[in-house]
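J.: Full structure from sequences and hints, please.
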Amino acid sequence: MSMPNILIQLDTDPRPSVFDAVVAIDSGVERLLQYGGVTPENVRELVHGAIFTRGPDDLKHTAIFIGGSNVAAGEAVLSAVGEAFFGPMRVSVLMDANGANTTAAAAVLAAAKHIPLAGATAVVLAATGPVGSRAARLLAREGAIVRAASRNQARSESACEAVRAAVEKADVSSWQTSTPDELAAALDGAQIVIAAGAAGVQLLSVDARKAAGSLRVAIDLNAVPPLGIEGVKATDKAADRDGTIAYGALGVGGAKMKIHKEALRRLFAANDQVFDAEAILQIGKELA
Amino acid sequence: MSMPNILIQLDTDPRPSVFDAVVAIDSGVERLLQYGGVTPENVRELVHGAIFTRGPDDLKHTAIFIGGSNVAAGEAVLSAVGEAFFGPMRVSVLMDANGANTTAAAAVLAAAKHIPLAGATAVVLAATGPVGSRAARLLAREGAIVRAASRNQARSESACEAVRAAVEKADVSSWQTSTPDELAAALDGAQIVIAAGAAGVQLLSVDARKAAGSLRVAIDLNAVPPLGIEGVKATDKAADRDGTIAYGALGVGGAKMKIHKEALRRLFAANDQVFDAEAILQIGKELA
Amino acid sequence: MSMPNILIQLDTDPRPSVFDAVVAIDSGVERLLQYGGVTPENVRELVHGAIFTRGPDDLKHTAIFIGGSNVAAGEAVLSAVGEAFFGPMRVSVLMDANGANTTAAAAVLAAAKHIPLAGATAVVLAATGPVGSRAARLLAREGAIVRAASRNQARSESACEAVRAAVEKADVSSWQTSTPDELAAALDGAQIVIAAGAAGVQLLSVDARKAAGSLRVAIDLNAVPPLGIEGVKATDKAADRDGTIAYGALGVGGAKMKIHKEALRRLFAANDQVFDAEAILQIGKELA
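Residue numbers (our numbering), protein chains in the order written: chain A, 83 to 370; chain B, 83 to 370; chain C, 83 to 370.
Please keep in mind that the hints were generated in silico from the structure rather than gathered at the bench. Incorrect hints may appear among the rest.
Which copy is meant is left open, because identical chains are indistinguishable; a pair holds if it fits in one copy or across any two.
Computed cross-link-like contacts, DSSO-like style, restricted to lysine-lysine with a CA-CA straight-line distance of at most 30 Å [unchecked claim]:
(1) K195 - K142
(2) K340 - K142
(3) K251 - K367
(4) K367 - K340
T.: Structure follows, in structure tokens:
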């Protein structure tokens with residue numbers, strides 16, 4: 083009898099994501115089991131069902147995907163999944179709640195195509211959000227000088243703490259960008275800006291962007307108008323916008339999708355992998 | 083990598099229909115994603131997952147089925163699905179909540195086998211219900227003189243309004259059939275009667291049927307005894323019952339199932355189709 | 083068009099068991115439809131969807147699995163499923179809520195490898211629980227002299243009544259084992275002991291086990307430390323423990339899994355089978 087690859091989609095939303103399901107199917111997953119409303123409290127039994135059915139040698143043919151719109155909830159489930167494993171009785175796990183890991187990895191790799199990240203100064207707008215916090219973390223790990231920007235100083239500082247906790251020797255600083263002057267100060271001397279704000283919220287005007295003369299790469303991850311960076315189109319993919327290399331959400335989306343599918347495929351190479359932000363960035367690098 | 087046909091089953095009931103799932107599988111759908119408890123409010127995210135994963139050329143390999151026991155709820159979801167599309171980013175949709183469209187189409191086509199519908203007088207009993215209202219609409223579109231019958235005059239008139247709104251130049255009139263005399267009047271001179279009432283409710287007695295001397299075709303869509311038309315058996319398929327050609331619910335069921343499966347297959351021919359009552363009748367005609 | 087084997091997983095828990103789903107896939111089921119939160123009240127419509135889609139000759143390609151952590155709830159659903167069938171319009175059903183049937187069958191067959199069950203005296207500890215009650219019933223049917231033990235005399239007597247109701251001429255007696263002396267009395271002269279208690283609860287100490295000189299086979303179905311029988315390891319499979327042949331939960335698990343998969347496969351041989359405790363034991367015998 084064949085041993086099909088089974089992906090168990092654990093989603094913290096009531097109805098598991100169609101997006102994640104279709105991508106799983108298109109990555110070649112042979113059987114998909116979808117679960118919604120997953121919490122740290124109810125995930126243990128689901129994980130036990132995954133690890134106590136197939137033999138140790140076959141466990142690599144079962145894997146877990148953690149998704150849902152709430153990244154913090156996904157992280158809590160990821161932690162609970164790890165605690166439910168018993169020594170070698172475990173399966174590989176991909177965490178990509180809200181697409182945050184694959185999107186952040188794709189954005190960082192888009193920037194890296196044009197500028198060596200080590201030593202570059204990169205501003206992350208809305209660094210306090212799920213995608214922004216991961217982008218900041220990945221940039222710091224790649225050696226960039228990271229400016230974590232938020233309209234609120236305290237939240238920006240919290241984002242910095244999270245980066246420092248995850249990345250040894252991170253060069254990250256907090257920037258409040260609640261006024262045009264504060265925004266201009268945060269962008270002063272930076273080569274990279276990544277806008278990771280909520281859908282439909284403009285974070286950077288054309289004027290502010292043009293005034294930041296040092297900018298070489300501008301990446302906007304908001305696909306819903308008004309976009310996060312004025313003048314960048316959602317479909318921009320290394321487009322020239324007033325002398326800056328620009329990417330829109332859809333322009334980054336192709337790479338995000340490739341990373342997402344490749345990560346799903348690699349889940350089934352072994353039964354002890356955990357793909358969170360850094361591992362997913364590494365997969366993206368190998369694909370490039 | 084192959085691109086399997088994915089059907090997303092959106093059901094307004096808490097647990098998505100087993101019936102619709104099995105028919106989908108038997109129609110050849112390669113991957114089925116089942117969602118229950120779908121509402122106009124939560125469907126948008128599900129639709130976006132369907133349209134923002136595969137490329138434009140591949141979107142025809144993803145489709146949506148809308149089902150559930152409540153036809154009005156299904157119609158509201160159908161409307162919300164349409165609003166969630168973005169220009170060419172869309173997938174084909176089959177609406178068949180409660181089996182109403184495929185059942186009404188099969189019933190109308192059964193009648194059409196024996197009588198040219200254009201100019202025929204057709205009585206729809208319980209024309210106010212989900213199947214009856216669709217049968218009335220389809221008969222009117224085919225040129226029949228439609229008598230929409232209900233035990234309640236006001237509801238019957240509402241059913242007529244709905245037909246007129248859907249079909250230009252519909253010849254449809256409302257008939258209250260709360261007494262034997264009213265029922266006899268509604269049937270007087272009619273060649274076709276379709277009983278589309280609730281399960282287990284008799285709408286037409288043997289005596290009333292025999293008294294309607296003009297009747298040539300009697301179709302009963304209720305499979306649960308007591309049946310809607312006394313003396314017709316659920317398995318009747320063009321059976322002779324006292325000189326009338328009779329169909330029961332199971333007798334119509336074979337054609338309904340063929341239409342249902344063919345509609346599912348055709349979903350995957352293009353990404354911009356919407357199969358509601360009329361399109362489903364057309365599919366049935368082409369199958370006949 | 084091919085006619086794939088469809089298994090409809092009806093689970094009384096909110097989220098259907100991953101364990102049961104993976105085993106179903108590995109048994110060769112081609113399509114799995116998962117339903118959680120199933121009750122006797124909502125199962126009727128699901129069953130009708132199963133029996134009113136495919137033709138009578140093809141109904142053997144659809145089957146139902148009943149699972150969930152609550153065995154009494156599963157039994158109520160099994161009863162409701164039976165009532166929803168219409169004469170020959172039915173599909174085969176496997177009832178294995180909480181794995182109770184397959185586990186009890188595997189435990190009884192493990193004992194039978196070493197001792198003829200007919201005439202042997204067998205003590206079931208926690209005979210009041212879902213697995214214990216089935217083990218007692220199966221042992222009685224095989225002709226063993228069954229001692230149904232519980233810490234509570236009244237519950238033990240209820241367990242005996244259930245065995246007598248299921249097995250004609252059952253030789254079963256109730257034993258209260260709330261003290262070491264009562265436990266010693268229950269074990270006195272017995273050749274077999276099966277511990278079917280809750281996870282993490284020790285029912286039999288090393289000393290008590292050694293004191294029971296007549297014991298030849300000791301089977302513990304609790305996999306979570308502390309185990310039910312002290313000194314038996316979860317992985318024991320016919321291991322020698324102080325002169326007694328010992329089985330732990332994982333040692334029985336292999337046979338349980340084989341029985342579970344074979345029962346799933348046999349579901350699709352006909353459309354009128356109901357696999358509950360006895361039928362599952364029979365399948366296990368034929369596998370041995």
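J.: Confirm or reject each hint.
T.: We went through each hint and held it up to the structure:
no. : hint        : in the structure
1   : K195 - K142 : neither (34 Å within a copy, 34 Å between copies)
2   : K340 - K142 : both (22 Å within a copy, 21 Å between copies)
3   : K251 - K367 : within (22 Å within a copy, 64 Å between copies)
4   : K367 - K340 : within (11 Å within a copy, 44 Å between copies)
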